[in-house]
Amino acid sequence: MRLGVLRILLICAAVMIFAGTASAYPQFQFSTDNARCTMCHFSPSGGGLVNAWGREEAADTISRGGDGAFLGGAWEPPEWLALGADLRAATGVKDTPAEGIDTLLFPMQADVYSRAEFGPVALTLTLGLRKQARDRNPPPLAYVASREHYLMYQPEPSGLYVRAGRFYAPYGLRQVDHTNYIRRDLGFYTDEQTYGVSGGYLKDNEWELHLSAFIRDPLFSVGPAGSGLAAMYEKRFHDDAAAWGVQSKVQLGPDSQTYWAGSTFKYWMPSLDLLLLSELDIGVQRVDTPNADPIAKGIAHVNLTHFITTGLMLGTTLEAKHGDLTLRGKDAEAATVSLQYFPRAHYEVMVLAKAERTRNTSDLLSLLMFHYYL
Amino acid sequence: MAWAIAALATMGACGREDDRPATFTYVYETVIAPSCATIGCHNKVSQTYGLQFETKEGAYAGLTGQACDEGSDLPGEAVANYVRPGDPDRSQLISLLYGDDVPRRMPPDRGISEVDIELVERWILEGARCD
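Chains F and S, in that order, give the protein sequences.
Sequential numbering of the first sequence, starting at 1, is according to my numbering.
Sequential numbering of the second sequence, starting at 375, is according to my numbering.
Chain S extracted, bound-state conformation (with noise of 0.2 Å):
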């Protein structure tokens, strides 16, 4: 199976423009839960800087400090607006993820690709809405 290897290595190179849609489900099920939520960083278990990501309210609670749904009690603890929505260049979580003047680049054990970054800061320009 090295040609798949090799395929798929390949394949990086091509292929279409980010055309994504920029909503939290999306950004939430494609790079927050598979690289955030995993035990020993952001989950129920863990809870490193209080933040919880197992569910996606409890993501976006933790990340912007609103509810999901506007009335309704927080899920988890907001620690930080690691989201200024409108503002990706002014929130933490994007200078986490590159790893720009923090101490620590986010996620730790491995980082999260360039173009998935570039759909979480087209979320927070978008307003950052929980859609």
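With the rest of the complex left out, here is chain F (with noise of 0.2 Å):
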């Protein structure tokens, strides 16, 4: 036991640049019979620490066996206590016709979960190596994040909640490949969660809604600039095997404002183990100098996953986006295959082949990614 947690701090040790963040995987919704992420997670938008429901899920539906517990039960945090980690690392190739083929290793996240729940009130915090601190000279607090830490209250697993603090505000599909256009272009890009307050209601399995204000990280000012307003609902459909959301989303930042407004649509298959997942969003920006037109953008979103067998799902994804829509040149398309495995619980191991187009740029990216949960 004590040999366990000592070869995990020197995991964690190990990781001390390059460190990313990963979320939920929504492939996971409906394809094993759970309608909303709030069955397996605590947050109300899914993602990061899991419940005593998804830990039994990680072993029974999603794995090939073993004990989803917290240290494989070796020992049992008390009630109002839970805890839980996430270890990432990969090595790949990236081929881009500026460099040639580079070759990549590197830790991809190391967090640590922990949640602990007096009444309807919760107090969720993640702590995490961050990723490279540059400064010449830095204090041994700059390798250290906290991607994630609120309040909240919700006295019913479904109904109304309210949450403060830091995380991501709930939009669209949320998924775990950071790099997603409809990650890195809507401001949900690794450590770009935001400060702010989000409240909602969650109808069983029927549909659910969500609000947040929220403002960018004032102490180390990740991602876009200012503040902002986003909203989301998404109704399940077809005995919980479909669903169909809308969000929108402001950031208002102090020299441009940005409008989103979006939709989703996810459709499980089960005669044929086929999960679809598929997002559209459209934006307008504006930017505060002399003849700027406003600018219409768009990104479009299509996930497809193949349950081969227990523990084992190969996913397709097509994406494309435009930064303005009236301007020649400023699309950009990604397609994307990769392989899932979860041999047991807490293991995964990914492959994944990337190829990406711009007009003036074509990058291809395989990786291989070992991924263990606590």
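It is worth saying that the hints were derived from the structure and are not from the lab.
Take these hints with a grain of salt, some might be off.
Unchecked claim - Stretch-level coverage of chain S by chain F, calculated; a stretch enters the list once three of its residues show a Cβ under 8 Å from a Cβ in chain F: (1) 389-396; (2) 424-436; (3) 494-501.
In this text, a Cβ means the ideal position worked out from N, Cα and C, and glycines have one as well.
Build the complex: two chains, separate frames, hints provided.
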């Protein structure tokens, strides 16, 4: 037991740079007979720490067996406390016209999660290692980050909730790959969690609504500048096998304002073991400078995941975006194929190949990722 | 929504000629902030090569070695003259964006579109003012 903890601490210590973040697996909505994210996650919008049901699902439904409990069941935290951790590392090859072939080997994530519950109130804290701090003499704390910390009031798993602190405002699909356009270009890139207040209502499996007001992290100024509002609604139908959602977001910066509106559609086809996840967002950006016309933007995302067998899924993602719909040459497209294998609870291996093309570049990326969830 | 992907990809081939204003506010808001001020790159946390782009003033100081408001202190460290006003061909920023004769193209994770690099060139050619 002591050796196990020491090993984990050593792994954490090794992950000193390039630590990124990863979040939920929306592919498990519907495909595991769980209609909403909060079936398995504490967070109202999914991602991060999983609850007791989520840990059971990690062993029974998602992977090829094992014990999904914290520390594999070796020690059980008290009922009011939930703990967990995510460790990710990857190796791969990137091929770009400008630089040729580049070999990659890097830790991706080292986050420890905790959640203390006191009746209807819960305090969630994530502590992890930050991306490279390249100040010449960075203080040790510069390597530590808390991507999420918030206080939440939620009397029941369904119904009303309110939370305040640092987290991503619920919006659209939250794919695990933070380089997806729907994350990178909508303000949900790595470490871009905002501070704010969010509230909403979860009507069992029928529908959910989230409203958020947020500001950019005032300490480290990561992500789009300024403040904003976001709203998201999802309605489920077809015997909890499909969902349709709408979302909108306003980002008000010191020199520009961006308005987004979008929609999601999710459809589970059990006879084919196939899940469709899709999102379309249309935006307008106004820049406060003379003679600037409003900029119309668009992002589309389609993901098809085939569940080959228990613990093995094959995903295909097509993405397109246009940074100015009226201007030639501001478009980009990407195609990704990924194979994810969950041999036992707590373990994941992923192989990914991604091709991206813009008007003047075309990049290829292949990646092998290892993921351990405590 | 596959039609939306096809539509967005198709729209990349058409559209108007670039008549966008080549002011630094526009360049910063549409090119520098979304592409360069991300975590791990040129923000307050990472400060790669000493450059902090999380504010327009910081980006201008880092790129030109000049303060936006004349007479005020530089908000960041001016590491080098990445921009030579009026001379995009001799401005290192342009070489970095195109990936020409530099160890690494910027941004390294995904390139900036040619039309945006041309906008940055136009801003430099027109004097690289903090307007």
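Against the structure, the hints come out as follows:
For the segment 389-396 of chain S, the assignment as covered by chain F holds, since 6 residues bring a beta-carbon within under 8 Å of that chain's beta-carbons and 3 suffice. For the segment 424-436 of chain S, the stated coverage by chain F holds: 3 residues have a C-beta nearer than 8 Å to a C-beta of that chain, and at least 3 were required. Coverage of a stretch by a chain is defined here by at least three residues with a beta carbon nearer than 8 Å to that chain's beta carbons; for the segment 494-501 of chain S and chain F the count is 0, and the condition is violated.
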